[in-house]
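Required output: the full structure, derived from the provided sequences and hints.
Sequential numbering of the sequence shown, starting at 7, is according to my numbering.
Just so you know, not all the hints are guaranteed correct.
Claimed, not checked - Calculated cross-link-like contacts (lysine-lysine; reagent style DSS-like; alpha-carbon spacing at most 25 Å):
1) K525 - K179
2) K559 - K525
3) K536 - K559
4) K320 - K536
5) K441 - K361
6) K361 - K525
In case anyone wonders, no lab produced these hints; they're calculated from the structure.
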Amino acid sequence: METMDDLGAKVELGRELCLGRLLTASCWTLALQLCLLIGWSAVLQSLSSPSSWSSALAWWHPPLLILALVSQALFSCNDYLIEPQLNTNRLKIFLSKFSFRNLIVLTLYTTLGTSLALVYTSSGGSSAIWLPCEGDPSKWCLQEERFFLILGGLFLGTYFFLHDYLLAIRSFKFPILQQCKFTQLKSRLSSVVTASVRSTSAPVSVYVTAYYVWGKSARNVFCWLFSVSPPDNPIDSFFSLLRPSILFYFWLVACMVTISVRLTELLFNIWLTERHMFPLTSDSALTLKEALGGNSPRIIRHLACLDFYLMSAKDRDRRRAVFELSQPGGHPHTWNAIKTQCFALINDFVLGLEKGSRPTPEEPPIRLIRRPLHICHGEANKESLADPFRRPSIQHTDPLVRIFTNLRDWSLIKWAEVSHFQFISYFVGELSESKIDNLLLGGEQVMWVAHGLSHLACHSLEEDNYGVMQNDLPSIITSLLRLKVALDRIVKQGGLLKKSPKHDEFSFRMRNAMRASVKRSIYRLAIHFKMYILDLHLPKEIEQQMLTFVAFKAV
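Written out as structure tokens, the structure reads:
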């Protein structure tokens, strides 16, 4: 019997697994960034004179890139290790955007954008932001072209923080087909580069417009902070900003920054979502049943559910270990532990969907009942006469405690009255769709568990020599049908889809994908067990639903 300390130690092993993958992805990210930087420098400078383009590889550039890339990637990927925060109303959603963690991630994104702009603009010409003035060499003048490009890197970092982190749905993107890491990288590299080049038009246009409006103020503040003179020929005019040379160069820098950010995300996603085979029984490693539990990190649970599905569908040797009985004793301990975690995952998901899709009744505002003072004293006297043996300590409470209790009750009543105003209720009213969206972030886990249970049950007809799964087949069918009914309910609720376009796309896609996946799992069971449905002693309602799948009439 494992203790809580043993379980905690194994959960730490899962965290170490994630950390190892993050560090490996960081190394590959830095290697790709170095290749991009060398290629950029070689294209802009003469290939025959490496000393002219090696300025981009100054001694302080690699540490800056390492610090910015690794910090940004680790903070971003940490969201995949912790549970997502549930915000039940619009006010909480708005306030969550201004958390201290988001401030740190914003700083890292802006540092990454600025450092990449510094590195890529140091190729070609002078790499200094200010140079001696032409009229007075004793003074330093701002080189506004490079200032424009570096400030653009800071803007691009802020843009990607808002577009890809703060306002985006951050979920795992597991490959549809299980392939090796380098095959995934090779197949998705061209699409990432193409999408990055296409997506730079919007931030470039916004930044050029913003620099035309506020560029003079930004330049003056920078010159005042660093005690340099403004340039003789400023570029914040309309025709100066539309010069093809500066626009094209900034577009190239924006493309390189965008490609760098997207490649970092791609590499971390590929390494984190690589399949890991968890042992079924082990005293020192994290087993499959423990990884499926709620104490493990999010990414570990995803990997465990994926491993359970692939084991159930394709791995005959590991399935045989699931069907084995313990010696001595003859109990299916492995299957019992796995099924407990799988049923708990499905049941928690179904209960969450039922609570989230159930309309909350609107309660009328609580009002104070004002009564004359003599009536209150009369009722108190009646109570005291009715119970002459009441203890004085109960009748006479502390005045300070009574004051605080009255203030608390009064504030709660007033808040209930105020929150029913339509304007206030819009911000503090409970959003049932937020609960559903929070559950759908783990929808792939439920899909893989449903497929795994159905595959394992179907293979048990030929491989389960002891009938280990036959006793639990009614429970599997009941759980999957309950899940299908809950998914049907939220798919039909069109009113819950009135959100932002990104939430619409994610919610609509995940709901329909889960519904189709669960139906396939139930059809798989119906096809393999159609001759035994009436012998399973299912509840009448469940049996009728299962017979519709046997007849291929389920909707």
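Against the structure, the hints come out as follows:
Proximity of K525 to K179 is assessed by CA-CA distance (about 22 Å); at most 25 Å being required, the pair is judged to hold. Of the pairs offered as hints, the one joining K559 and K525 holds, with about 12 Å between alpha carbons and a cut-off of 25 Å not exceeded. Taking the CA atoms of K536 and K559, the gap is near 14 Å; set against the 25 Å cutoff, the hint holds. Restraint check for K320 and K536: satisfied, since their Cα atoms lie roughly 23 Å apart, inside the 25 Å limit.
The hinted pair formed by K441 and K361 meets the criterion: a straight-line CA distance of about 8 Å does not exceed 25 Å. The hinted pair formed by K361 and K525 meets the criterion: a straight-line CA distance of about 22 Å does not exceed 25 Å.
When the structure is compared with the earlier hints, no violation turns up for any of them.
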